[in-house]
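Enquirer: Knowing the structure of chain A, use the given hints to seat chain B on it.
Spelled out, the chains give:
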Amino acid sequence: MSGDTIFTALTEEHGGDARWAFGTGFTDALAGVDTTLPAGVDGDDLALYCQMLGDDALVQAQRLIDWVTDAPELEEEVALANIALDLLGQARLLLARAGQADGTGRDEDAFAYRRGPSEFRNVHLAEAPRGDFARAVVTLLVLSSSRLALFTRLTDSKDPVLAAIAAKAVNELAYHREYAVSWALRLGDGTAYSHERMAEAVAAVWPLTGELFATHPVEARLADQGAGVDPATVRDEVHAVLTQVLVRATLGAPGPFPPGAIAGRDGRHTDRLAPLLDELQKVAREHPEATW
Amino acid sequence: MSNDATGTAARPEWPLYEVFVRGKRGLNHVHVGSLHAPDDTMALHNARNLYTRRNEGVSIWVVPAEHITASSPDEKDPFFAPSGDKVYRHPTFYPIPEDVPHI
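Protein chains in written order, with my numbering: chain A, 1 to 292; chain B, 1001 to 1103.
The following block holds chain A by itself, in its conformation from the complex (with noise of 0.2 Å):
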């Protein structure tokens, strides 16, 4: 072995891949995943997608982030973070995918830190205010039902690059869902006073729910060429979860979902989202150049 330390040894007996020290057998999602867009799918079209469902999960990761250091305890909060992480890489890789469908070839980066509200398209329940531990998992619950439902259908997509993201984030939303039914049904289920707490969530989360099944004429397009999914197609399913959740944690049958309209899919939203961007983009925006 040459090289003058240890670690300068292992380093070049790893082909110079200094990060040999963080573990090995990691697999990339995306390995051997042609990139060029299939035929008969719009370019613009499936940027715009992905970026409805890159902002979902990037917005929706950066509340789950105001958890940190003020969970309830140190095991939940490690849980919440964990949460956050896997559907910031989700929103990484589907940004990605943004910039290669539209032909710009921007990065996720400058999608997740050069865009203003105007072009963000989460849906009004990401950026909602967190609220407190129960309406913490009332909105996990309702979220990753949602996505879990369209991210299964997602892994048909005839978008090979969606088809992989999916096919990741589904064991990922699979415990995401896990993890919320579990504090739903125990909070739901527990005393009179977190009963009282969850049924206020549900009162809280439920308006917003009515959105999530509105289908934006992109979403449209893009389910009948096969690369999408119509989110419409999900509801009654989503809907029939969450009321087997619902009523086994004691909170009774919620009632339909409210009439959605679309809104965050245009870039209309609510003025939660600037300041939550604010601190998102804020170092990224004073220096602009930097590198790390």
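One or more of the hints may lead you astray.
Unchecked claim - Cβ-Cβ distance ranges computed for the label pairs, FRET-style: (1) His1067(B) to Asp189(A): 21 to 29 Å; (2) Asp278(A) to Pro1073(B): 51 to 59 Å; (3) Thr155(A) to Pro1064(B): 49 to 57 Å; (4) Thr155(A) to Pro1015(B): 38 to 46 Å; (5) Glu286(A) to Asn1028(B): 47 to 55 Å; (6) Pro1073(B) to Asp156(A): 55 to 63 Å.
These are computed hints drawn from the structure, not numbers from a lab. Backbone N, C-alpha and C define an ideal beta-carbon position, used for all residues, glycine too.
Expert: Coordinates of chain B only, in the frame set by chain A:
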């Protein structure tokens, strides 16, 4: 999680669990640490979140710490010292006869 509605004093802490993880290429579970959780199922969740972040394991055992019976450090000598001079308990102590090479 806050006090319940009757306003009783500080809530009891969640019970302590010990966590054992078996790696992909391992044959046995190894103790990796401990955590608090409200019940067994959440202990499994918490162990997955805390102790398998770096692709460490394929199997997790969680045991409430109160169910573990451990040897006491004070009894170390009576428990463990007697095996120190009983070399006949090791297979390699015995010479193998030349004409049975594959015993």
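Enquirer: Now look at each hint and say whether the structure bears it out.
Expert: Hint check:
{"no.": "1", "hint": "His1067(B) to Asp189(A): 21 to 29 Å", "in the structure": "holds (26 Å)"}
{"no.": "2", "hint": "Asp278(A) to Pro1073(B): 51 to 59 Å", "in the structure": "holds (56 Å)"}
{"no.": "3", "hint": "Thr155(A) to Pro1064(B): 49 to 57 Å", "in the structure": "violated (39 Å)"}
{"no.": "4", "hint": "Thr155(A) to Pro1015(B): 38 to 46 Å", "in the structure": "holds (39 Å)"}
{"no.": "5", "hint": "Glu286(A) to Asn1028(B): 47 to 55 Å", "in the structure": "holds (52 Å)"}
{"no.": "6", "hint": "Pro1073(B) to Asp156(A): 55 to 63 Å", "in the structure": "holds (60 Å)"}
The structure fails to meet hint 3 from the earlier list, while all remaining hints are met.
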